[in-house]
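S.K.: Here is what each chain is made of, one letter per residue.
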Amino acid sequence: MSAPTVLVVGVGSAAVEAAREIVAQGGRAVLVRSLGSRKQCFLRIPSGIEVIEAELVGAEGSPGSFHARLRAPGGDDMVVDCSAVVLCPSTGDRPAGGAASLDERCAAEAAESVRSVAFVLPAGSPRPSFIRAVRAASELRARAARPSVAAFAAEMTAYGTDEVVYAQAQADGVLFVRTPEAEVSLDPPRVAARDQTTGREIEIFPDLLVMERRSEHAEVLTSGSFAVARGSPGMGAVATVREGILSPGPEYERLEAERVTGARAAATRAMTLAVHPEDRASRAAVVDRERCAACLTCARVCPFSAARPAEEGKASIDGALCQACGVCVGACPARALSLPSYAEVAEHEREIIMGDRQ
Amino acid sequence: MTEPIIAMFICKTARTALAGPEGGETVPPEVQVIELPCSGRVDEVMMLRALRQGAWAAMVVACLDGNCRNRTGNYQARKRVAEVRSLLSQLGLEPDRVKMFSVASNQHAWLMEALEGMRRSARQWGPIRILEGDG
Ligand code: SF4
Ligand code: SF4
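Residue numbers (this note's numbering), protein chains in the order written: chain F, 1 to 358; chain S, 1 to 135.
Keep in mind that a hint or two might mislead.
[What the hints assert, rightly or not] Sample of chain S residues facing chain F (criterion: CB under 7 Å; computed from the structure):
| # | residue |
| --- | --- |
| 1 | P37 |
| 2 | C38 |
| 3 | G40 |
| 4 | R41 |
| 5 | N70 |
| 6 | R71 |
| 7 | T72 |
| 8 | G73 |
| 9 | Q76 |
| 10 | E113 |
[As the list claims (entries may be wrong)] Which chain F residues stay away from chain S? Per the calculated CB distances, all over 10 Å, these:
| # | residue |
| --- | --- |
| 11 | S101 |
| 12 | S113 |
| 13 | R115 |
| 14 | S185 |
| 15 | L208 |
It is worth saying that the hints were derived from the structure and are not from the lab. Remember, predicted model here, so these are calculated numbers, not experimental data. No residue lacks a Cβ here, since even glycine has one placed at the ideal position from N, Cα and C.
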């Protein structure tokens, strides 16, 4: 069997990382990039990766056999057959990971006489600042004088092996206070908050106060679509735009390790699908056209826009989009929908035993 | 006295929370675990039918808000649970017989406590006595 082709779209380092991973897994990687206004790309493309200067304008087909339409800068269209597509949206010139302002060296520069230190990281702090604060906190705790160190944050963010550093800081006795908003005053330095984990009010008067400012883009980062694009443990590292078209999400505000992992995860998933295209359509929700009342409740509730009106206004499910979640099945007033893979749920329901009545 | 029969509708993703630290699920035999692809699959009839068929109470276990792999499945589930609860109170039954729980996949202990709480309440309420044939 010839190596499956995976199209990687993007100009950033995540795209290169994904392409590299595809080649490492025995695939053929085609990097599609449109440099646009950028004159030049400074990233070194490892050997074995083909590059096409073009823009992806569409893709028809399903995992294992996509026909991707590319538009070259001259305006000529071409079609490339591929098994899967990885989209690595680029974020222009903004730094990946966001600019951290909290400096790890603050620990080394703190006077020896310091007896208590507070770190304050408001919600929306640049993500790399969290681990820097943790490192600095641990370093301070390691001093002979063992100053007390507390860190106030709505949620500490750690990624990958940073988790170990965070766990170590906790073991070293750094006090982490979970609070959406710490109350800070400067003269005298004072930090007060209610710890959400224990419910206790905490007030300290530190000798040294290290504060992070809110990132300029905090609103964007916590807004709906960005949060979705970033994924979560439940959703996985990779967002699926459509089965076989994957994306590790935007690069912006991602930590370096996170970006690399995301790109590799997307590449791996793409390769898996390329080699074993799942028959997704056979798992999709099924409409019983006899029962369907053409109310289109399903079209309104489907989180993936897979349910749509078809002939006679009755529903039809797009097998390529359906994630077999069952949201529509539960919502259909006519009970016209079912999930083939969960036929046993109906059976299960009947099995619920009758208690002591019998 | 027999142990209360509980129907636990749980989404496939949240189900990881049922497994304890030793791995393996440790639910009492009278708790019927019904796995769904997503909590958004539950519907009113499903919950009511579980009660009609002998369950004393039903739990709907979903992922945390904003964490649904299908984006809105858990919100849909919450709406439907609210609907059933309102029906139950109109029937003169305790609305708390049907309850929604949101768990993170590592909240095994919390979920077990919630189940225990549900069992405790169910023991107080006893089985539903307005079943078919009860007259
Ligand atoms: S919700 Fe059910 S009845 Fe309404 S359009 Fe969809 S399948 Fe048909
Ligand atoms: S099962 Fe889920 S994804 Fe598929 S059509 Fe229904 S609501 Fe949409």
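S.K.: The structure should be examined with respect to each hint, and the outcome stated for every one.
M.R.: Evaluation of the provided hints:
Evaluation of the P37/S hint against chain F yields a held restraint, the C-beta minimum of about 5 Å falling below 7 Å. For C38/S, the interface hint holds, since its Cβ comes within 7 Å of a Cβ in chain F; the closest pair sits about 4 Å apart. Checking G40/S against chain F by beta carbon gives a least distance of about 4 Å; that is within 7 Å, so the hint holds. Annotation: R41/S was flagged as interfacial toward chain F, and the flag holds, the nearest CB pair being 3 Å apart, inside 7 Å.
About 4 Å separates the beta-carbon of N70/S from the nearest beta-carbon of chain F, less than 7 Å, and the hint is met. Given the 7 Å rule on beta carbons, the hint for R71/S holds: about 4 Å separates it from the nearest Cβ of chain F. Hint on T72/S holds. Least Cβ distance to chain F is approximately 5 Å, under the 7 Å limit. Restraint check, G73/S versus chain F: the minimum CB separation of about 5 Å is within 7 Å; hint holds.
Using the Cβ-Cβ criterion of 7 Å, the hint placing Q76/S at the interface with chain F is satisfied: the shortest such distance is roughly 5 Å. A least Cβ separation of about 17 Å between E113/S and chain F goes past the 7 Å threshold, and the interface hint is therefore violated. Distance check on S101/F: its Cβ is at least 28 Å (rounded) from any Cβ of chain S, clearing the 10 Å threshold; non-interface status holds. At roughly 41 Å from the closest C-beta of chain S, the C-beta of S113/F stays outside 10 Å, upholding its exclusion from the interface.
Distance check on R115/F: its Cβ is at least 36 Å (rounded) from any Cβ of chain S, clearing the 10 Å threshold; non-interface status holds. With a closest Cβ-Cβ approach of about 33 Å to chain S, S185/F is found to remain outside the 10 Å limit, as its non-interface label requires. Listed as outside the interface, L208/F is consistent with that label: its C-beta sits roughly 34 Å from the nearest C-beta of chain S, beyond the 10 Å cut-off.
Hint violations for this structure: number 10 only, all remaining hints satisfied.
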